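Undergrad: Listed in order, the protein sequences are those of chains A and B. Per the working numbering, the first sequence starts with residue 140, numbered consecutively. Per the working numbering, the second sequence starts with residue 226, numbered consecutively.
Any given hint could be a false lead.
To be verified - Keeping only pairs whose Cα atoms sit at most 27 Å apart, straight-line, the calculated BS3-like set for lysine-lysine is: (1) A:LYS259 <-> A:LYS280; (2) A:LYS280 <-> A:LYS252; (3) B:LYS383 <-> A:LYS259; (4) A:LYS160 <-> B:LYS316; (5) A:LYS259 <-> B:LYS440; (6) A:LYS346 <-> B:LYS296; (7) B:LYS296 <-> A:LYS241; (8) B:LYS293 <-> B:LYS316; (9) A:LYS285 <-> B:LYS293; (10) A:LYS249 <-> A:LYS274; (11) A:LYS335 <-> B:LYS461; (12) B:LYS297 <-> A:LYS335; (13) B:LYS414 <-> A:LYS252; (14) B:LYS297 <-> A:LYS346; (15) A:LYS166 <-> B:LYS262; (16) B:LYS343 <-> A:LYS193; (17) B:LYS461 <-> A:LYS166; (18) B:LYS383 <-> A:LYS285; (19) B:LYS343 <-> A:LYS252; (20) B:LYS383 <-> A:LYS252; (21) A:LYS346 <-> A:LYS277; (22) A:LYS193 <-> B:LYS383.
Read the hints as simulated data drawn from the structure, not as lab findings. Bear in mind that the values here come from a model prediction, so they are computed numbers and not experimental data.
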Amino acid sequence: MNVTIVDYNSGNISSVINSFKEVAKDKVNIEVTSDLSEIKSADKVVLPGQGSFKSCVDALNNISGLVETLNEFAINNKKPLLGICVGLQMFADVGYEETETKGLGWIPGKVTKINNQNGKYKLPHIGWNQINILKDSKIFKDIDNKSHMYFVHSYEFVPEDKNVISATTDYSSNIVCSIEKENIFGTQFHPEKSDKIGLKIIDNFIKL
Amino acid sequence: MLKNRIIPCLDVKNGRVVKGINFVDLQDAGDPVEQAKIYSDGGADEICFLDITASNENRDTIYDVVEKTSKKCFVPLTVGGGVRSVEDINKLLNCGADKVSINTAAAQNPEVVVESSKKFGSQCIVVAIDAKKNGDKWEIFTHGGRNNTGINAIEFAKTMEDSGAGELLVTSMDRDGTQVGYDIELMFKISSMVNIPVIASGGVGNLDHLVDGIKLGNASAVLAASIFHYGKHSVKEAKEYLDLKGIPVRI
Numbered sequence: 140m141n142v143t144i145v146d147y148n149s150g151n152i153s154s155v156i157n158s159f160k161e162v163a164k165d166k167v168n169i170e171v172t173s174d175l176s177e178i179k180s181a182d183k184v185v186l187p188g189q190g191s192f193k194s195c196v197d198a199l200n201n202i203s204g205l206v207e208t209l210n211e212f213a214i215n216n217k218k219p220l221l222g223i224c225v226g227l228q229m230f231a232d233v234g235y236e237e238t239e240t241k242g243l244g245w246i247p248g249k250v251t252k253i254n255n256q257n258g259k260y261k262l263p264h265i266g267w268n269q270i271n272i273l274k275d276s277k278i279f280k281d282i283d284n285k286s287h288m289y290f291v292h293s294y295e296f297v298p299e300d301k302n303v304i305s306a307t308t309d310y311s312s313n314i315v316c317s318i319e320k321e322n323i324f325g326t327q328f329h330p331e332k333s334d335k336i337g338l339k340i341i342d343n344f345i346k347l
Numbered sequence: 226m227l228k229n230r231i232i233p234c235l236d237v238k239n240g241r242v243v244k245g246i247n248f249v250d251l252q253d254a255g256d257p258v259e260q261a262k263i264y265s266d267g268g269a270d271e272i273c274f275l276d277i278t279a280s281n282e283n284r285d286t287i288y289d290v291v292e293k294t295s296k297k298c299f300v301p302l303t304v305g306g307g308v309r310s311v312e313d314i315n316k317l318l319n320c321g322a323d324k325v326s327i328n329t330a331a332a333q334n335p336e337v338v339v340e341s342s343k344k345f346g347s348q349c350i351v352v353a354i355d356a357k358k359n360g361d362k363w364e365i366f367t368h369g370g371r372n373n374t375g376i377n378a379i380e381f382a383k384t385m386e387d388s389g390a391g392e393l394l395v396t397s398m399d400r401d402g403t404q405v406g407y408d409i410e411l412m413f414k415i416s417s418m419v420n421i422p423v424i425a426s427g428g429v430g431n432l433d434h435l436v437d438g439i440k441l442g443n444a445s446a447v448l449a450a451s452i453f454h455y456g457k458h459s460v461k462e463a464k465e466y467l468d469l470k471g472i473p474v475r476i
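One chain only, chain B, in its complex shape (with noise of 0.2 Å):
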């Protein structure tokens, strides 16, 4: 039976973890490669790397990292965060990424979708829809959040899928942070108008939340940043508690 599973997120910034896992034994707190292999050797099923780093300059910061920890974790790794066009994804994946998530560039340019999946492969190819309520729908926001672009984000997810994309990293701009839940109803009209994998993201706040996004929200899988720093909850505490919930996980 395939599991769900649980996907720690790191965020990157000019190569060093902004927040992360706040251990006393620790070397580096903030060193992203460190960080990954505690999560992989805790029984992480994927890590994601959200870069974000502002300055351009700096970008080239994100490559040095994906290299360094994909010579030490032997779990999926997917890079997100000012991936612009193909030539941004040939160089994450020739650095070690197994797949990439496209935010911005997606909204602005479908296309970049299409022609990256057709030459990569959709198993590497992740969207990420940052979307916000407005009304009764759901609208996309790229650059991280600041701007609107209008984009109905169900019928968005759609065309996505409809353009190559492997996976869809859905995150509700209204919860992240708060640590109050998915939004379960965005996660759910997704994952039933797709057939690709729906990856639920923003606002996880405790491990019930897991549980919901998973059995209410319907995801695949299950990201989450704030739980897993500052040793709140770790991953195998997690996967434990989605065990006795009933949820398959790989233990």
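Bound conformation, chain A alone (with noise of 0.2 Å):
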């Protein structure tokens, strides 16, 4: 089985790529990849994104050919598609940061700043936060309810349809932070960078 690791230069990507590694050993073979080719025939596809929803829609534009293939990839051809941080907010409509930036377009919904209550509330939302698990994702197979997983983000992915919301988090608001809308995965949170706990999230998507 082929898991591939979309490299857009979207960012520091190492620590995603250092966690599906440790995680696949040597069962899986994990790609780390901007081919389009090689995209096309992976078995599952993994959608990093850090800096701003704006540089990272920038950044899949910058590669021809790039965002049509993930749109064939996970809504034409259905297959498995994890994004993970601005990876799972991308799916929305359009994002607010920095300037009105058009999204994938795969879950109706956008991205806008968190309420922090006139700086009641500290941002970025920061650190290990537990989650409010709502419906059984098949990526949340064993993972207790209330685990904590290790945020980092300003922005939150606002979608229309409440039912692809996998899981939220208490921050200034309640926050969504995972999604499961048929073959498409996300989260809000870093599974790679949450311990063993998000070890299991990925291992999770890698068994699917």
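Two chains, two separate frames, one set of hints: put the complex together.
TA: Dropping the structure here:
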């Protein structure tokens, strides 16, 4: 089996690569590439993302044919895809970080700045927070409700259809932190930095 | 609820830990990778490496250390010390660091913070503020505490937030190494001034100091070195103590 991590110059993805390789050992092949044919032939795709919504969308668009290839993979062929952090946020129709930017439009909704209640809460939302599991997501197999995950973000995904939300976390408000819609998965937190429990989520995705 | 973080810091020189945990069953007490792994297995919320390598020719040793550590530790890894340029930051991130802390370079040229936070995202840019009290204000020191810039630390903190820093690592030079506790006044002043998280550092001698850093200093995270070295306290003990004192921690 091939799990392909999309390398589209979206910032630092070493930790994502290291964690997937640690979980996969030698049993599963972990590819890191921007090559369209390799992405097409992958069994599963991981879409990481660091920096701003706009910088990630721009980076995706800078690789000719990448967005079309991802659409074909996730929407037409319905193969499993995991978005991490801004990788998840890009599922939305639109994001408002830096400037209004069109997202992939896979899951109707928008990405807006977390309401920090006039400075009452620090931003970015950095550190370990507990997740409230709302539905039985496949990537949460053997993950306890209220498990701690590592977060770093100032923007949140607000989907229109609340049924896609698989977990939330409590900060200045109730923040969507995990999504499952058919074959599309996403986490706002960083499973690659969430210690053993995070690696378990990666393992669950690899074993889908 | 967001938890307050405990961050053990390891001083690394020429690729070796200078002060570290002294456990009998440790195969190589000077190996930063093994030490970091002990901390992360013990519940450390993040790991921090401070590279204190003096000579330029040995500077590359830290890259090797970061690369090996990031393959073993799956909690966030912050690396600081001697970070001068956007290129230095790029190299550390590529080796597997999750955040890079910038000290001297930020004070000399705030553009480094602006440029790097734009390029890599604020989430990985930590500005390290080494401050010393002078009369009724605090001033920024650089070059590992040797040079006084005369820059007002509180104002500088705000400038760094505006420049794109994701977090501030605030160290009191007066308290560093004294084990008498954080400079609470400094932590509180900076934390109240900015909207980004503040990591308190410098002066921890016991577990109550960690409690004070969070409760009185309003820090989001507490960094300590010596108390975790030589087995005086484990990270687990520290967390249990904070929990007992009503501070939210990840246990």
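Undergrad: Hint by hint, say whether it matches the structure.
TA: Each hint tested on the structure:
{"no.": "1", "hint": "A:LYS259 <-> A:LYS280", "verdict": "35 Å, violated"}
{"no.": "2", "hint": "A:LYS280 <-> A:LYS252", "verdict": "30 Å, violated"}
{"no.": "3", "hint": "B:LYS383 <-> A:LYS259", "verdict": "17 Å, holds"}
{"no.": "4", "hint": "A:LYS160 <-> B:LYS316", "verdict": "21 Å, holds"}
{"no.": "5", "hint": "A:LYS259 <-> B:LYS440", "verdict": "16 Å, holds"}
{"no.": "6", "hint": "A:LYS346 <-> B:LYS296", "verdict": "21 Å, holds"}
{"no.": "7", "hint": "B:LYS296 <-> A:LYS241", "verdict": "35 Å, violated"}
{"no.": "8", "hint": "B:LYS293 <-> B:LYS316", "verdict": "14 Å, holds"}
{"no.": "9", "hint": "A:LYS285 <-> B:LYS293", "verdict": "31 Å, violated"}
{"no.": "10", "hint": "A:LYS249 <-> A:LYS274", "verdict": "21 Å, holds"}
{"no.": "11", "hint": "A:LYS335 <-> B:LYS461", "verdict": "16 Å, holds"}
{"no.": "12", "hint": "B:LYS297 <-> A:LYS335", "verdict": "11 Å, holds"}
{"no.": "13", "hint": "B:LYS414 <-> A:LYS252", "verdict": "26 Å, holds"}
{"no.": "14", "hint": "B:LYS297 <-> A:LYS346", "verdict": "22 Å, holds"}
{"no.": "15", "hint": "A:LYS166 <-> B:LYS262", "verdict": "24 Å, holds"}
{"no.": "16", "hint": "B:LYS343 <-> A:LYS193", "verdict": "11 Å, holds"}
{"no.": "17", "hint": "B:LYS461 <-> A:LYS166", "verdict": "34 Å, violated"}
{"no.": "18", "hint": "B:LYS383 <-> A:LYS285", "verdict": "35 Å, violated"}
{"no.": "19", "hint": "B:LYS343 <-> A:LYS252", "verdict": "17 Å, holds"}
{"no.": "20", "hint": "B:LYS383 <-> A:LYS252", "verdict": "20 Å, holds"}
{"no.": "21", "hint": "A:LYS346 <-> A:LYS277", "verdict": "10 Å, holds"}
{"no.": "22", "hint": "A:LYS193 <-> B:LYS383", "verdict": "25 Å, holds"}
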